[in-house]
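Residue numbers (our numbering), protein chains in the order written: chain U, 1 to 341; chain V, 1 to 145; chain F, 1 to 277; chain Y, 1 to 322; chain H, 1 to 663.
Please keep in mind that the hints were generated in silico from the structure rather than gathered at the bench. Only a predicted model underlies this, so the values are computations on that prediction, with no experimental measurement involved. By construction, the Cβ of each residue, glycine as well, lies at the ideal position given by its N, Cα and C atoms. Take every hint as true, because none was put in to throw you off.
Derived BS3-like pairs (lysine-lysine); straight-line CA-CA distance at most 25 Å:
| id | chain 1 | residue 1 | chain 2 | residue 2 |
| --- | --- | --- | --- | --- |
| 1 | Y | K6 | Y | K71 |
| 2 | F | K85 | U | K278 |
| 3 | H | K257 | H | K337 |
| 4 | V | K135 | Y | K319 |
| 5 | F | K24 | F | K35 |
| 6 | H | K502 | H | K405 |
| 7 | Y | K141 | U | K203 |
| 8 | Y | K67 | H | K607 |
| 9 | H | K282 | H | K242 |
| 10 | H | K323 | H | K233 |
| 11 | U | K69 | F | K34 |
| 12 | H | K471 | H | K337 |
| 13 | Y | K67 | H | K617 |
| 14 | U | K227 | U | K334 |
| 15 | U | K73 | F | K34 |
| 16 | H | K617 | Y | K71 |
| 17 | V | K144 | U | K69 |
| 18 | H | K256 | H | K171 |
| 19 | H | K3 | U | K69 |
| 20 | F | K35 | F | K9 |
| 21 | Y | K6 | U | K331 |
Rough simulated footprint, nothing fancy, chain U against chain Y, three-plus residues with beta-carbon under 8 Å:
| id | segment |
| --- | --- |
| 22 | 33-46 |
| 23 | 118-131 |
| 24 | 198-208 |
| 25 | 213-226 |
| 26 | 231-244 |
| 27 | 264-278 |
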Amino acid sequence: MVRISLDSVNALFAAIAEREALYIPTDTAPGIAQFKKWQSGMEMTERLKTSRSAKDFFFPQTENLVDFKVSGKKIDIIDPREETEDFVIFGVRACDAKSFEILDRVFLSEPVDTYYQNRRAHGTIVTLACSRPSESCFCQTFGIDPAAPGGDVSAWKREGFLYLEPITEKGRTLLSGLSALLEECPEDAVEAEKESIRGILKKLPLASLTPDAFGGGKTEKYFDSEKWKSLSEACLGCGTCTFVCPTCQCYDIRDFDTGHGVRRFRCWDSCMYSDFTKMASGNPRLTQKERFRQRFMHKLVYYPENNDGIFGCVGCGRCVEKCPISMNIVKVMKTLGEDET
Amino acid sequence: MPISEFKPKIVAFCCNWCSYAGADLAGTNRLNYPADVKIIRVPCSCRVNPIFILRAFQRGADGVILCGCHPGDCHYTTGNYYTRRRMTLLFSMLDYLGIEKERTRVEWVSAAEGAKFAAVMQDFVKTVTELGENKRLEDRRCKKP
Amino acid sequence: MNAETLIPKVGVVTEVRIDTPDIKNFRVVGTDGKKLFVHKPGQCAMISLPGIGEGMFSITSSPTNTEYMEFEIKKCGCLTSWLHKIEAGQEITVRGPYGNGFPVDDAFVGRDLLIIAGGVGLAPVRSVINYCRHFRDRYGKIDIVYGSRTKEDLAFYEEILHEWMSPEEKDVHVHLTIDREEEGWNGHVGFVPNYVKELAFDTDKTVIMCGPPIMIKFTLAGLKELGFDEKQIYTTMELRMKCGVGKCGRCNIGSKYVCKDGPVFRMDELSELPDEY
Amino acid sequence: MQEAMKKRAKELLASGEVTRVIGWKKNEFDYDITPAVFESAEEIDRDFRYDDFCGPNLSKFTFKNQKNDTKTLVFLKPCDTYSMTQLITEHRVNRDALYLIGIPCFGKIDIEKIRADGTDGILSIASEGADVTVKTLYGDKTYVKADVMAERCLACKSKYHTIYDELMGEEGEVMETGRFNEVEKLEAMTPDERFGFWRGELSRCIRCNACRNACPACTCESCVFDNPDTGISQKAAADSFEENMFHIIRAFHVAGRCTDCGECSRVCPQHIPLHLLNRKFIRDIDKLYGEYQAGEEVGQRSPLVNFTTDDAEPDIVRKGGK
Amino acid sequence: MQKIGVFVCHCGTNIAGTVDVKAVAEALSHEPGVVFAADYPYMCSESGQNLIKDAIREHGLTGVVICSCSPRMHETTFRKAAASAGLNSYMVEIANIREQCSWIHKDMKTATEKAVILGRAAIAKVALNTPLTASETPVTKRALVIGGGIAGIQTALDIADAGFEVDIVEKEPTIGGKMAQIDKTFPTLDCAACILTPKMVDCAQNEKIHIYAYSEVESVKGFVGNFTVGIKKKARYVDETKCTGCGLCTEKCPMKKTPNLFNLGLDTRSAIYIPFAQAVPKVATIDADYCNMLKNGRCGVCSKVCTAGAIDYHQQDEHIEEKYGAIVVATGFNPIKLDNFDEYAYAQSPDVVTSLELERLMNAAGPNGGTLLRPSDKTHPHTIVFVQCVGSRDTSGCGKPYCSKICCMYTAKHAMLIRDKYPDTEVYVFYIDVRTPGKNFDEFYRRAVEEYGVHYIKGMVGKVMPQKNGKLLVRASDLLAGEQLKIEADMVVLAAAIEPDKTARSLATMLTASMDTNDFFTEAHPKLRPVESPTAGIFLSGVCQGPKDIPETVAQASAAAAKVIGLLVKDKLKSNPCIAHANETLCNGCSSCERVCPYGAITYVDKEFRMPDRTTKIRRVASVNAAVCQGCGACTVACPSGAMDLSGFSNQQIMAEVDAICR
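Can you build the whole structure from these sequences, using the hints too?
As structure tokens, then:
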């Protein structure tokens, strides 16, 4: 484990940025933090969470897949990708770090999504432990420990120092290149911080939320539940929850005619949108209830069924904070899970 | 790009009954105005949706001008009155977003005003040429590679 | 499998054949004149016209056709309308093949086959039929029940008449039906589900079904009445596929992804899934 | 007020006058409010809430949950009544199937303002008079209500109810609270500054459509941005142009119909001040075509489907006469 | 795929002189969908059209783009050509590379580039065109003529002659108009009444003609072939059906001090009156402003003397609704008010008169029984000064910018008649120019100068000053002699400009017919369609379209009648198919479109829809009346959901043009 004084953290950023692109969460508007490419003078936010998750780095909201040149009856296909540059994301929270594993299982399973894979290979993740979890947090529900946030390097802030511990080879490479700035410190330097975090976790209002009622094989149990109707009643059908969610990965592929060619791009889509499953042959999810159900069944039942019991939610709480009508996965779990107890 | 070389793209929506005929008259009278202006014929200025105007900017237009009958002379009686309100509000909104207000214009040109048509176009092209390329409302995807 | 799953290949439409008033058949090869890729009966490919969009269609030709692939496309939306406007020589883009396909090389081998199709639903099973006809000895008796609204709506009518129903065919029995009486039609009249029941097949068969949902529903009921088990019946859900690679998040029925786990399902697998198809 | 509302709702349900009640219910936290349909006294007793956090405009919720064959009681805050009136004007809701009760509003608290202050780990929150007390995992805090009130409430245009069958509490009045101050500030900037301001704001847009889907004026059967046939459908803002396009056209489509209820800004997960776009149109309409408040009365003619022969010419913008 | 043919016209050298037409055809041949591209010297010629027709057949074209002159010129020609080759005529688009390209640009390269872009836009549009078919509506075989002057009379007679019913609406109690007030006509000097009154009588006696005198048009609804017009018959307080026109009431009426409007207020008449002896209908009318009975309820003389019992003091305005297939506007003119011309002392001296007043003063039925006397003292005038162009050709803003056209000739007529009848009277005419371009007009003018010795002086009258001796001092300049003149005149006659009747403006709004800035009705084409208004089914007759003299008016009146007859002989009319249509699944039923529709073409219907959850819902949706819609497109922009679109100018088409131009 190494450490650096928080006063010198800018020097650390500068050193990283010299080698590769560095992204840190920074305040961009009152109450809004976003990951931005670090430039000299940029401060890291004090906020717990960025308003969007970190999934953009690997699965951007829009992404150019392929270009076409059409002339007469002829079509030329152009792969528009350029060499992806190496980059470091600093200050990723444990929940977001965990979300990458969930996305990996989708995009890196056969057939591998090379767009995602490329970015993933070039990115180094430096996580940051959550000293002050929020009331909307429930990562512990899914077994995530914000005191040991994972990633390629884990970091803790404590008493004026930033502590860093490499977790993976990538992480070690990153830190070894920065050794001039970092001082070695005992491995247990952050134990107290971990304890403090875990202490707070117990006191969180959602600490007792468990996913035990859910998981693979529960489709029959919940699919036809009467409760979906009242749960989904106020849903606006907007995409806020899906777009701030670190694990939502649904996308749409669309063509854009630029006037001198056709650009096929992929963009985030939301299963909450009424046209999500609309096809020439009809729409199997006709009402908001069905669409709403899909989102939660996917995270709580289908995903674990196909992925060794891992849930498709990391408990980041963004949907809890951002939903315009305050309807979210917590409420769904509690309402549907009631029968279990 | 130096101003002297810059040739703006101008889209002119012209009402069929007045301004389009005015443009024809300008042609008949051999009144020159810059070739940068390309006219789209619409039945009435009130057919022009703000979406068309934004679309033109998206696709690389540097200026959009809308020509209709003089208020009171609309072939459809009242169409240009709605145009007047819609465009005033739209232009004001574009200005509010910091988009150069000189890039958009509405002019009333009657079928008899060939000379006015040419003069208006000359003036508009000059104004837009001075402003230079439309950057604030362009779609970078539509740029020619 | 294509290394870049979302980047298509260019295909050339070498022939467009008007099959029925709203169905056209497209022959496609690569720009080098060869087949674009190898597939299994029942698999699909994503076809697109740049600027119009992508659409998933089953490959109706049999893998045993080594020269080209065929797609049987009914006009029903934006992309298909555009496809119906194209002429031979037009390039399109193709990616695939996608999906599991029918188990022609294992579960079907040695079995009597009952193939039931309605309308354009013949497209995916035609691949199976021609595959089985090609390797005729591997399979038992083949019964084909096929129906459409009218005679002119019967897809591949010429092929059915001159090849499948040719006297040289060994133990292939085609049962055609149309919905309503019409002049010049001496065959059976009536809906497919009823015809299946009338034909009262013995139950020692593997059934392959494809057609409109309403036909599937009633035929299934009829087959059950005849004593068939859901485990004997296969169908394909290709209409639900969107991205083709199981990642875009649309094609799931419950926890199953049509792109990856399908589009071919055995009825017993399907009936375990929630009612969302 | 909450208790009186519950009592009245139960009475109306019991009498059979209405079969459904549209109101608010509390969700996970004190500040989490969800619009809801109540169909029984038990549901009302258990979940019904009305307090300083009940921000969501029930007019849009009513529109989405309409039932024509039965009568529904809807509680409307003053600003919600404007939206409801506008919906009735546009034939989007069936007035006959609604029983409307106007209720007072004393300004709603914006939890995001409290969060922006760095207050996190909120365990409970209570609003009493001018004080808002917040208990958190990391200590307690007290705010002056005016400091944490939603912007739309600080700039409240009216405490008056434009439509109701029954009014609970005192009727209020139309107010002048300087809701155009921000617009004027922007107008006073140079175009470059304005451009910078809006790029900064709109570039945060994630195109989640919350603004549109929450907006009581956006009730189109199908939005032009969702309909592939319009040629301008967008699912994501793939270019800064599309951010501008979406917000300009959306504002234009609600111009003259927007009642300035502020839902768009409330629901924006990225805190984009979308109401400043709508207010610009309202401001311009007021100045150019005479004061107009959408949703003031049923059957009004929106300024964009109206004209006078001596309206201002569009070059008033270019000439800066406004 | 679309198969588009592109045809580039040279228009001789009109286009080919500045645009490299071959290069344009070459460039456009590579556009998506284009399967054929050719150029030809004259596309509109027979052989040019054949080229198009052959290509349509040979290549199975689905769309045609013609790069040529303005579509306002030959769109119809090419549409017909396409139709005759079996292509829907709305699958034709025109790229205007003459008026909007070759004629305004000099540089070949620039013009060619622009022509290619314009062609591209047309191709992009035509690729999205859909075949359109005109819907058919029946024609009401009845015409309305608004205005009963010589224009209206002639039009009505001609239409009636062809066997169609025609109604005349005249706001005055009698038809006849201005011509009835005129004494003699130039250049033949026939008596106006002698040639007009037989026509008036013809009108009255023609079974096919119905005259609504003392009536006004209140409302116009509908469209070509199917107008519904509201007519207000103003109360005359005399039952038209009973009145025999005997005139006894007018003799007995005690209110003799009523200004006689027919004589332009130069004398008086009774409160109950018949405007003039030959009035049609010859029916008395009570002037409610002067009638004691109607004002105070005292008198009732006329009622007592009327043997026919026609007087009805309680008569109310009557509102009638009639259906017409065509409407002719013949609202005529009035001399302008001279308030802006103080320098001529018109308001100060009764001896300063307008030319129309002079007509009455000289008319045998006029105030002085045909003897020309000064209005002030009824003495014989010895010196008369005519001032031309009073308010005509006036760019100062006081008068009218146009030439009133008739003044030169009637002034020559007046001068000649005065000199003929009163050789002792000196006549001076001050003019800017003398314009005499009609048949026998210049000869007429020369006679006035040469035979009758009228003093024509090119120059302006600066001021007319009434003198204490009752004379009028006229100060003027003689531009040819370059000297200032002072003439002591007995009378001054002002050739006041004429302007369209004041009622025309509101009528134009009702008719949705366009007007120019001077309130003259605009013709559909200034050269080729001079008697039609741009609004289908509305025709123009007489001075309402522009200043003209009697022969021209009559010619135009007959021309308008011919057009009306041409319309009324049709049983059905094909309507413009480029109209709005509502997509019901997208329609919100919000009424925005209805509110901006100038024709009331949009109505709402409740329609049942299947909802996604398989329930049904009744929704209010817009529906466009195809026969009423004129295709302006106002509704398409008012509609927020994009449910309204315009055939022929659809959102997609216009955006495709935008894209093509900006590419």
